[in-house]
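One letter stands for each residue in the lines below.
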Amino acid sequence: MPMKLNLITLGLMAAAGQVAAADFGVMHANTSKVNTTDYQCQRCVNPTGLRGEVSVSTGWKSGDDIHSGNALGKEDSGWLGAVSGELHYRDGHGYQASAEAENLGLDSSRAHLQAGKTGVFKATADYRLLRHSQVTGKSPVWYSDNLLQPSTTDTRYPKLFTEREQIGAGLTLYYQDYSAFVAFNHEAKTGNKAASLIAANGVLNFAAPIDNKTDHFTAGLSANGDNWFSRLQYNGSFFRNDIGNLSLPYLDDVYAATPDNDAHQVSLDGQYLLDRTVVNGHLAAGRLIQDADLIQMDGNPLVNWNGEVDTRDARLSVSSLLTAKWRVNGQLSYSDRDNQGSVAEFAQLEWDNVNGAFKANVPLDITRKSVKLQSSYRFSRDVRLSGQYQHKQTERNYLEREDNREDNLWARLSLKPLDNLQLGVKALYESRDGSRYDASRITAPDENPLLRKYYLADRNRYGAELSFTHTPLSWLTLDINLRYAKDDYQHTELGLSASEDYRYDANLSLDPTADWHVYALASQQWINSDMAGSSNFATADWQGRIEDRFINLGAGFSYRWSSQLTVGADYLFANSESNTAIDSSDYGDYYDFSHSLELYGRYALSEQMWLKLSYRYERYYDTDDAQVAVDVITGLTTLGKLDHNYNAHLLMLSFSYKLP
Amino acid sequence: MSRIVKVAMLGAGVFLSLITPVKATPWDNLSSEQLEQQLQAKFAEGNYSPKGADSCLMCHKKDPKVMALFDSTHGRLDNSKSPMAGLQCEACHGPLGNHNRGGKEPMIDFGPDSKLSAASQNSVCLGCHQQAKTQEWHSSVHNLEGITCVSCHQIHTANDPVLDHKQVNEVCSKCHRQEKADMHKRSSHPLQWNEMTCIDCHNPHGSANDKALKRATVNDTCYSCHADKRGPFLWEHAPVTEDCTSCHNPHGSVNDNLLKQKAPQLCQQCHVDDGHASRVVSQPGVDAFGGGRSCLNCHSQIHGSNHPAGSNFSR
Chain A
65 MPMKLNLITL GLMAAAGQVA AADFGVMHAN TSKVNTTDYQ CQRCVNPTGL
115 RGEVSVSTGW KSGDDIHSGN ALGKEDSGWL GAVSGELHYR DGHGYQASAE
165 AENLGLDSSR AHLQAGKTGV FKATADYRLL RHSQVTGKSP VWYSDNLLQP
215 STTDTRYPKL FTEREQIGAG LTLYYQDYSA FVAFNHEAKT GNKAASLIAA
265 NGVLNFAAPI DNKTDHFTAG LSANGDNWFS RLQYNGSFFR NDIGNLSLPY
315 LDDVYAATPD NDAHQVSLDG QYLLDRTVVN GHLAAGRLIQ DADLIQMDGN
365 PLVNWNGEVD TRDARLSVSS LLTAKWRVNG QLSYSDRDNQ GSVAEFAQLE
415 WDNVNGAFKA NVPLDITRKS VKLQSSYRFS RDVRLSGQYQ HKQTERNYLE
465 REDNREDNLW ARLSLKPLDN LQLGVKALYE SRDGSRYDAS RITAPDENPL
515 LRKYYLADRN RYGAELSFTH TPLSWLTLDI NLRYAKDDYQ HTELGLSASE
565 DYRYDANLSL DPTADWHVYA LASQQWINSD MAGSSNFATA DWQGRIEDRF
615 INLGAGFSYR WSSQLTVGAD YLFANSESNT AIDSSDYGDY YDFSHSLELY
665 GRYALSEQMW LKLSYRYERY YDTDDAQVAV DVITGLTTLG KLDHNYNAHL
715 LMLSFSYKLP
Chain B
25 MSRIVKVAML GAGVFLSLIT PVKATPWDNL SSEQLEQQLQ AKFAEGNYSP
75 KGADSCLMCH KKDPKVMALF DSTHGRLDNS KSPMAGLQCE ACHGPLGNHN
125 RGGKEPMIDF GPDSKLSAAS QNSVCLGCHQ QAKTQEWHSS VHNLEGITCV
175 SCHQIHTAND PVLDHKQVNE VCSKCHRQEK ADMHKRSSHP LQWNEMTCID
225 CHNPHGSAND KALKRATVND TCYSCHADKR GPFLWEHAPV TEDCTSCHNP
275 HGSVNDNLLK QKAPQLCQQC HVDDGHASRV VSQPGVDAFG GGRSCLNCHS
325 QIHGSNHPAG SNFSR
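Chains as they are written, first to last, in the working numbering: chain A, 65 to 724; chain B, 25 to 339.
Since the hints were derived computationally from the structure, they do not count as laboratory data.
Some hints could be false.
As the list claims (entries may be wrong) - Label pairs and their computed distance ranges (CB to CB):
hint, chain 1, residue 1, chain 2, residue 2, range
1, A, Phe532, B, Asp87, 31 to 37 Å
2, B, Asn281, A, Leu413, 24 to 30 Å
3, A, Ser670, B, Asn281, 48 to 54 Å
4, B, Lys190, A, Lys433, 36 to 42 Å
Just so you know, these numbers come straight off a predicted model, no measurement behind them.
Virtual Cβ for every residue (Gly too), placed ideally from N, Cα, C.
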């Protein structure tokens, strides 16, 4: 009878359109009739002890281009080895620990240790090595102890790469509804990057060394009750550069070092739940500090610049499930960057007709405010309409435009006409305008008044998306997404005036039997941009058009040949291309393509042991007509033609052991 | 009728013939509203099994997926906060009621085939998971669009793929196909090799910040790895200070260095001053304006300079 009464009540409420959203949270459970202490759980299992698996791999790589190391794990040719695995331990009394390793021995790897007891503590330790290899350059200049030493006879071949090595640790303590946490991470970053400077005999591109360290520190407290949550947190980040100002043999300090800096932030978060309404608040205050010594030279009045930026952030969000079908969200946000850095006049080595030889630094302030309203209405299980309106206001000083206002509106209709068919349609409109665009303000004294910088300019953006997901058979899924967006800078005569971006992504996935998995994907994108310039400080006298193209194709399968043997293959093709035309002059080649192939077989020696043999092939080519040999252009010394054209192979044999 | 039209019609016919119903549950005849009402009534009544999980496993023990729960955090018997330490299976699937008498009475079920609304499914998870990571879930776009927790998470397994850094990108890109393709552009962050993950920058459970970013602003997000760009610098480059995405697309680009466009065109879209910046560079690789690093041949410190004479970012 009570069940029937409840149903009748709910039915009446539904008829009145007032069905409250269901909340099946366990804290709302009616446990008046149950005594969980009687539970014996005789059919339950409680796995304890150690489980996991460990893999040891060895292989041989061919291909000398350092770029191949990104895909194949090792820059250099030759033999390689790696260890991976994960071990998990449970003791049956709430304690647990785990150790994970991935590709230890390769150029990029990581390890993670974790131990803890739920409701008591969690401790972690991390190691991570991350290497990104770009290209091997060619240069008559080499670096030594903050000095760039040019030579007319020797040529060096610097590798352009970055390597980040990180260690970290964290500890969280729990006590009832409270927790305290602390985490530390240290990163040492080394490598070389492309840089350039103006030397006495022209422009010099060189491999600038990277050698810096960054420490991150986080600590905080959190507390929660049945209906609320709060957290107080401190974040600190400290960057230290071990490379000083760079000099040439005949000229000191021609290239300023990246200065050390500190960043501090204190934040307070809170959440309150009132039935099906949730209120969130976030307050944060931060400070960025940079007070490195300045290079001493004539016309510099400061020993060190007192650089200091204060940041303030505040957010207030409300989300309410008004009925079982209707959700409404609202948000107010405020973000302020107040640059308190001191201002002084500095002698410049270039003269301009407004400032002469002296120029004052410009501390940039930015304030952002935003209001956002979102709503979603579920007409039925198969039809949902959602949308958002957002108004953003950005205020800044010292730029051509002090104030920008942006309005963003989108709506999306999700349909499920059949159980195995989902459709989505989304429309988007954005508009940006603002205060008067004044090209003659302090930072742009010689700017053409017809220019509208694209990140400040008036702009209308239109967009549409269509998504289609169909599962006609339980083992076959096809999804297709189409997107279109157009940016119209309607009041721009000089600068970026229009941009159009359209693409599709299609994916097919088949699992015809438990032994087979087959997939295919295709994606293409086109981005067309129009711009105009003026070489005589007047109206537009040249036009530019940039056409970007991108293709991504892939296919693969895995097949369980027998209970012991699984074989598979994955193939991926990618091609990026950008064509620039200035008036009728075509820029020539600027594209890349890659073919990536993996063939593998996995053979189980027993239930605990298996072998995996894999072959990977990487074909990569890129070119850029802007890249030229070291001394082809008079007055410019380059790092050589920085392109790639290689085939790389990797044959790997892995042995894995799974703990019983 | 042209041959193309005939082929198209044939294709449409084959396509429609493939449309078959998905598998059904015993309560599949109920509408979504009816199901929700019945489950609410059952939940309010609280007729839980007197034996807990033993009652459920009497029938479901043969299902390896069910038993895999015990390998997961949610299946731990020695954890006071685990469902198994309380109402056990019924903590998530609701009170048993008369379900064990023939299996016809509905239980709370999850996943794409469930007729329960996303909000109702998620209310089960949110009953316990109200901590910092999910604080902004309610206001998130994922929630607004009806994404369920189990769209991304797997519960009955020892290793939830979305909690594994080697698999999280794959889980995200099941829906975010565009971002998956962008990983393979000429320049991109190293997501394609899982050396970075989507959740390094974004919080899939929502965030008070734009684009569900973990940090307050785009720049704060970038500075968390690129602290050398953070400054503040004596000479700041305004679009850098304003927003790193003024020039870069963090998901990938057909240009080097994740640039939206390459120099000199990118620079010339903001600098048309005195015939220097806005000169016609009709060919690359011919002079220092279009060859090598283009504008960056001289203005190398484009992210900001600390040289007293570095107002034009050249030293």
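Verification of the hints:
1. A:Phe532 / B:Asp87: 31 to 37 Å: 33 Å, holds
2. B:Asn281 / A:Leu413: 24 to 30 Å: Check passed, 27 Å falls within 24 to 30 Å.
3. A:Ser670 / B:Asn281: 48 to 54 Å: With Cβ atoms ~49 Å apart, the hint holds.
4. B:Lys190 / A:Lys433: 36 to 42 Å: Once the Cβ atoms are compared, 40 Å apart, the range 36 to 42 Å for Lys433 (chain A) and Lys190 (chain B) holds.
Comparing the model with each numbered hint stated earlier shows that all of them hold.
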